[in-house]
Every structure is written in C-alpha cells, then in structure tokens.
Amino acid sequence: MGNSFTNLGAFQSLHIVMLGLDSAGKTTVLYRLKFNEFVNTVPTIGFNTEKIRLGGAGASRGISCHFWDVGGQEKLRPLWKPYSRCTDGIVYVVDSVDAERLEEARTELHKITRSVENQGTPLLVIANKQDLPRALDVGEIEKQLALSELPPLHPLPRPAVLRHHRRGAGGGHG
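Using this note's numbering, you'd call the opening residue of the sequence shown number 1 and step up by one each time.
Honestly, the hints are just simulated from the structure, not real lab data. In this text, all values refer to a predicted model and were calculated from it rather than measured experimentally. A hint or two may mislead.
Stated by the list, open to error - In silico lysine-lysine, DSSO-like type, Cα no more than 30 Å apart, as pairs: (1) Lys75 x Lys34; (2) Lys75 x Lys111; (3) Lys111 x Lys51; (4) Lys75 x Lys51; (5) Lys51 x Lys81; (6) Lys111 x Lys143; (7) Lys81 x Lys111; (8) Lys51 x Lys34; (9) Lys75 x Lys143; (10) Lys111 x Lys34; (11) Lys34 x Lys81; (12) Lys81 x Lys143.
Using the sequences and the accompanying hints, generate a full structural model.
In structure tokens:
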C-alpha cells in the first residue's frame, strides 16, 4: 500500500463493497482490516458496515474507507448490484480451499463486473485461506476465475492473498 493512500488527502472517504460467496471469509477479512487481528464471525445475513482508516497512523493520516460487507448466500446475491452501484471499489473474496465452488464464484464475479454501473470500478480479488492444506495457488485461482476475461475495470494485475485461517483455531465463516 505504501504512500498511495496518503496521496489522496485526509478529507477523502471511499465507499468499498465486499462481495463473494457465502463462507469465503468476507467478514473475517473486514475485521482483520479493522482490528488487525482475527475475530470469530457468524454468517452475514444482510450486510455489515465498518469505517476503517487505512494507510497511515493517527486520525489525520491515511484514507477513510466505508466498507459494506454484503452476505454471499444465494438468496442475498440480488443485493450485490444495488450495493455495488456508485461504489469506489469492489473487493471480491474467494475461498482458496473450496475448489468445487470456484465456477460459481467465477459466474457471480463476472455477473457483477459486467454490470454497466460497475464499468471503471477498481476491483481487488482476495484469494483467502491460503495457509490451509488444500488451498489452490493464486495462479490457479486467477485462471479458474477467468480474470483475464473481465472487462477493463482497472483490476489489479494479480489477486491479493490474505492468510485468514489460524491453524487449530476452528476458523470463522465470514
């Protein structure tokens, strides 16, 4: 992240929506960003929202981000479109261990990024739970999600990796 946030100025506030299938780890990622520690979570019904200052120490440094963590259950996915409308960025969280659902994750990712309202919206894909034994490597996830086929949304060249699961701790749903 470096100085990229501090260049935006202290007045700047970004609205970021976090999407992904149920149990991918969205809420865990959100609270890891907020508290810099792992927090046990329960499945999100509806949404969670948090304001987090990133990229600098102190109240006047960095940038303020308002995160909307939207539930990933199939019945909640129709909410993704209105929550992602007029957002400054999309964070899409993928469970690196759940290879059986990568096609479903790809379908949902492509659906939301092809929406007219999201053209030009920056996208960050997080390959979560990378420290678990059966986790697919980032290159395989990038291929299975067909990230190269996404419209030009200014995606980062590679998905980010966040180590989510603590060995022996049970793990959250997020």
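Taking the hints in turn, this is what the structure says about them:
1. Lys75 x Lys34: holds, 27 Å
2. Lys75 x Lys111: Measuring from Cα to Cα gives roughly 15 Å; hence the hint holds.
3. Lys111 x Lys51: Judged against 30 Å, a Cα distance of about 27 Å means the pair holds.
4. Lys75 x Lys51: Holds, at roughly 26 Å.
5. Lys51 x Lys81: Between Lys51 and Lys81 the Cα gap is close to 21 Å, so the pair holds against 30 Å.
6. Lys111 x Lys143: It holds: about 17 Å lies between the C-alpha atoms, which stays within 30 Å.
7. Lys81 x Lys111: holds, 9 Å
8. Lys51 x Lys34: The hint holds at about 8 Å.
9. Lys75 x Lys143: Distance of about 27 Å is within 30 Å: holds.
10. Lys111 x Lys34: At roughly 28 Å apart (the allowed maximum being 30 Å), Lys34 and Lys111 satisfy the hint.
11. Lys34 x Lys81: Roughly 25 Å separates the two Cα atoms, so the pair holds.
12. Lys81 x Lys143: holds, 24 Å
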